[in-house]
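Trainee: Please model the entire structure based on the sequences and the hints provided.
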Amino acid sequence: MALSRLGQSLIRRLHRPPYLQPSPSSPLMDHFSAVARSLAPTQAGTCVRGLASLSHNSSSLIGYKLAGPSPVHIVKALDLVVHLNHTKPMSTATASKVPLGARKVGMKVVMMSPGFVYEPYSPRERIPFWKRWFTLSGWRRTKEDVILEMKNAYAVSRLRKKTGYTKKEFYDQAFKIYKEVNTLMAQGDTSALRKILTERMHSTIKNELKKRQSKWSSVHWELVEPAVSIRTLRARMIGLDKKDLDKAFIQLTLEFVTKQKFEAYNSKGEVVSGDKSKEVLVKDIWVFERSLFHPGAYWRVCGRITL
Numbered sequence: 001m002a003l004s005r006l007g008q009s010l011i012r013r014l015h016r017p018p019y020l021q022p023s024p025s026s027p028l029m030d031h032f033s034a035v036a037r038s039l040a041p042t043q044a045g046t047c048v049r050g051l052a053s054l055s056h057n058s059s060s061l062i063g064y065k066l067a068g069p070s071p072v073h074i075v076k077a078l079d080l081v082v083h084l085n086h087t088k089p090m091s092t093a094t095a096s097k098v099p100l101g102a103r104k105v106g107m108k109v110v111m112m113s114p115g116f117v118y119e120p121y122s123p124r125e126r127i128p129f130w131k132r133w134f135t136l137s138g139w140r141r142t143k144e145d146v147i148l149e150m151k152n153a154y155a156v157s158r159l160r161k162k163t164g165y166t167k168k169e170f171y172d173q174a175f176k177i178y179k180e181v182n183t184l185m186a187q188g189d190t191s192a193l194r195k196i197l198t199e200r201m202h203s204t205i206k207n208e209l210k211k212r213q214s215k216w217s218s219v220h221w222e223l224v225e226p227a228v229s230i231r232t233l234r235a236r237m238i239g240l241d242k243k244d245l246d247k248a249f250i251q252l253t254l255e256f257v258t259k260q261k262f263e264a265y266n267s268k269g270e271v272v273s274g275d276k277s278k279e280v281l282v283k284d285i286w287v288f289e290r291s292l293f294h295p296g297a298y299w300r301v302c303g304r305i306t307l
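Residues in the sequence shown are numbered from 1 upward in steps of one, following the UniProt record's numbering.
Please note: incorrect hints may appear among the correct ones.
As the list claims (entries may be wrong) - Label pairs and their calculated CB-CB ranges:
id : residue 1 : residue 2 : range
1  : Val-282   : Glu-149   : 24 to 34 Å
2  : Asp-241   : Phe-116   : 15 to 25 Å
3  : Lys-161   : Ser-277   : 28 to 38 Å
4  : Ser-277   : Asp-241   : 46 to 56 Å
5  : Gly-188   : Thr-135   : 18 to 28 Å
6  : Ala-297   : Lys-261   : 44 to 54 Å
7  : Phe-134   : Pro-226   : 40 to 50 Å
8  : Ala-297   : Ser-217   : 35 to 45 Å
9  : Lys-278   : Lys-195   : 12 to 22 Å
10 : Glu-119   : Arg-140   : 46 to 56 Å
11 : Tyr-165   : Lys-243   : 43 to 53 Å
12 : Gln-213   : Asp-241   : 40 to 50 Å
13 : Glu-169   : Lys-195   : 12 to 22 Å
These aren't lab readings, by the way, just hints derived from the structure by calculation.
Glycine included, every Cβ here is placed at the ideal spot set by N, Cα and C.
Mentor: Right under this line is the structure:
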């Protein structure tokens with residue numbers, strides 16, 4: 001108990017505001033009293049004197065040579081000077097009114113691409129007829145296949161309704177984009193690729209070209225037309241607003257089977273890979289994307305799928 005009372009007494013002493021008793025005849029304290037009077041409000045509701053007067057009093061106060069420990073009240077008075085001189089301009093700034101001609105300007109953010117491939121295509125394993133119709137796992141698989149086909153049909157129907165989509169016209173356009181992208185990649189023209197690629201896809205192609213240029217100085221690429229085959233593997237719609245079905249993106253996954261010629265050269269112009277005299281059968285799976293709500297929207301490549 002005695003220790004508890006002693007501890008409480010020490011806590012009260014520590015929380016008591018420090019005070020040093022000045023000498024009655026000290027000129028320092030006479031000057032401190034004058035400064036304190038200068039800090040007092042001159043009228044009700046008014047602030048302290050101007051910055052010049054306070055600075056003068058503070059500097060002359062600090063100019064004294066103190067013979068003993070510095071009075072804590074002087075430090076508190078200086079803190080009050082700094083505080084009051086800083087709060088006055090702040091209150092003046094907050095009281096200023098907005099000009100009559102000013103108006104609020106809002107920033108509108110428009111999404112040009114989702115930035116990812118929604119439900120990327122992957123081939124599904126074939127199952128025998130008897131397993132599909134006479135086993136529980138086969139029924140589940142049939143249900144999943146039906147849902148996937150319904151998603152494909154719904155995306156294509158929305159695309160046809162908004163843009164007048166036809167398979168033949170789209171395949172022709174997609175094949176031109178396919179050829180243009182590969183040609184520009186062979187030339188290393190990343191700036192021209194920006195228009196027909198999404199931002200994420202453009203970044204991916206740019207990194208691939210940097211790696212290729214570190215190995216090969218230049219390449220020759222040639223497409224043998226027409227394409228062997230083109231088919232749609234998947235169609236998906238990415239909606240942005242549940243209340244507005246037209247505010248969406250369409251992604252179509254196409255498989256291109258083509259014949260190509262390729263040859264790579266080093267800095268001396270020597271062939272280091274490929275043979276441009278031979279045709280090679282190539283299968284590529286690319287994802288094309290188009291907005292349904294942007295004016296003047298067009299198809300761009302948003303991804304490639306490797307199986």
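Trainee: Which hints, by number, does the structure contradict?
Mentor: 3, 5, 6, 9, 10, 11
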